[in-house]
Each structure stands twice: as C-alpha cells, then as structure tokens.
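Sequences are here, hints too, so could you generate the full structure?
In case you want the letters, here they are:
There are 2 protein chains.
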Amino acid sequence: MSSKYAGGPTETERCIESLLAVFQRYAGRDGNACSLSKREFVTFMDTELASFTKNQKDPAIVDRMMKKLDMNNDGSLDFGEFLNLIGGLAQACHAQVMASPTSGGPKRP
Amino acid sequence: MSSKYAGGPTETERCIESLLAVFQRYAGRDGNACSLSKREFVTFMDTELASFTKNQKDPAIVDRMMKKLDMNNDGSLDFGEFLNLIGGLAQACHAQVMASPTSGGPKRP
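First to last, the protein sequences are chains G and U. Mind the numbering: the first sequence is residues 1 to 109 in UniProt numbering, read in order. Mind the numbering: the second sequence is residues 1 to 109 in UniProt numbering, read in order.
Hints should not be assumed to be uniformly reliable.
[Said to hold, decoys possible] Below, computed lysine to aspartate or glutamate pairings styled on EDC-like, alpha-carbon distance capped at 16 Å:
#: 1; chain 1: U; residue 1: 38; chain 2: U; residue 2: 70
#: 2; chain 1: U; residue 1: 38; chain 2: U; residue 2: 13
#: 3; chain 1: G; residue 1: 54; chain 2: U; residue 2: 74
#: 4; chain 1: U; residue 1: 54; chain 2: G; residue 2: 81
#: 5; chain 1: G; residue 1: 38; chain 2: G; residue 2: 81
#: 6; chain 1: G; residue 1: 57; chain 2: G; residue 2: 74
These are computed hints drawn from the structure, not numbers from a lab. Note that the structure is predicted; figures quoted are calculated from it, not measured.
Below you can see the structure in the form of structure tokens.
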C-alpha cells in the first residue's frame with residue numbers, strides 16, 4: 001500500500017498492512033491460505049491475543065468465539081470474519097477508554 | 001492493552017492500539033472527542049490515507065465516503081463507523097492480494 005509513496009507508510013496504512021500480514025501468516029499454516037481453520041485460529045489467539053485469552057474465566061472461550069465469528073458456519077474464518085474479531089476487540093477497548101474518568105469521553109453523571 | 005505483559009505488544013495488539021490512537025488523535029481536534037466531524041474526517045483522509053485519495057478520479061470521493069460511512073446520519077463518524085472504513089479498505093487490499101497470480105490465494109482457471 002505504501003511502497004509507491006515517499007516518506008513511508010502512515011500509522012493507518014501500517015495498521016491495514018499488519019491486519020493483512022497477520023491474517024496471511026496464520027491462515028497460511030495449513031490447507032486453504034484464504035481462511036483460518038479452527039487450529040490456525042487457536043494458534044493465532046494463543047500467540048497474538050494471549051493477554052486477552054489469559055484473562056477469561058471460561059476455558060472454552062476460544063471455541064465459543066470461533067463459533068460466534070464463523071458467520072457462514074463453514075468451520076473456518078475468512079478475512080471478513082477475522083476483521084469482525086479485531087473490530088469487536090477495538091470497540092471494547094475504545095468503550096473502556098471512553099468510560100474512564102480521565103479520558104476525553106463522556107463523563108458519568 | 002499490552003502494558004500488563006512482559007515482552008511488549010504483539011503485532012495484533014499494536015494494530016488495535018493504533019486504531020484507537022489514530023481515531024482519538026483526529027476526533028479530539030474539535031468538539032466531540034468521541035466522533036469525527038466532517039472536518040476531522042477530511043483531515044484524517046488527507047493525512048493518513050492521502051495515497052488512497054490521490055488515486056481517486058472523483059474529486060468528491062471524501063464527501064461520498066463520509067455520507068456512506070455515516071450509518072446513523074448524524075453528520076459525524078463514531079468509532080464503529082470509522083472501523084467500517086478501515087475494514088473496507090483492508091478487505092479491498094486483501095482481495096487484490098488474493099487475486100494476484102503470485103499470491104497463495106485462489107488461482108484463476
């Protein structure tokens with residue numbers, strides 16, 4: 001995305017490139033390189049989002065997330081389904097920041 | 001997200017942090033710090049995604065994108081609407097990579 005332009009990629013461009021790179025890295029481990037199998041998704045979660053999974057009380061959280069994200073029930077996650085996970089996590093973090101009394105977000109009454 | 005864990009953030013964690021930071025940086029420029037006004041959105045597009053807007057033939061592309069992204073028609077973009085933009089751009093890049101004959105994606109017949 002950025003190679004055509006001088007000055008290097010912007011933070012947003014780097015972020016989009018990372019989303020593609022991370023998905024391709026894990027989706028390319030076995031079988032179909034266009035989707036994350038259950039096994040690839042577990043590896044992704046254990047490697048990239050271990051800080052999130054470690055905090056969950058439910059030991060079946062990764063199973064349940066896979067089922068929830070797999071909108072078309074084909075047993076794997078395509079890039080759009082993967083983006084829904086990232087978007088959901090980002091929104092949860094954003095909501096937490098906005099609710100913080102020290103943030104610029106809405107104040108509690 | 002990562003400060004609690006040794007070894008620094010993963011690429012996915014850094015990406016989520018960037019999404020929050022970029023949104024807050026532009027949304028915080030004037031008025032409501034929880035949403036991007038039209039003016040803030042134009043600044044964001046001109047600064048962060050200039051490589052995209054420069055390639056568009058339609059001079060009103062940023063106007064049209066704002067209207068399309070503003071799902072609740074309140075004249076500004078909240079974080080969820082902003083994420084839809086990032087997701088849409090990432091999916092367009094991913095589709096391009098998958099269609100490339102040198103990618104690991106589906107081959108043309």
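Hint numbers not upheld by this structure, sorted from lowest to highest: Hints 2, 3, 4, 6 not satisfied by this model.
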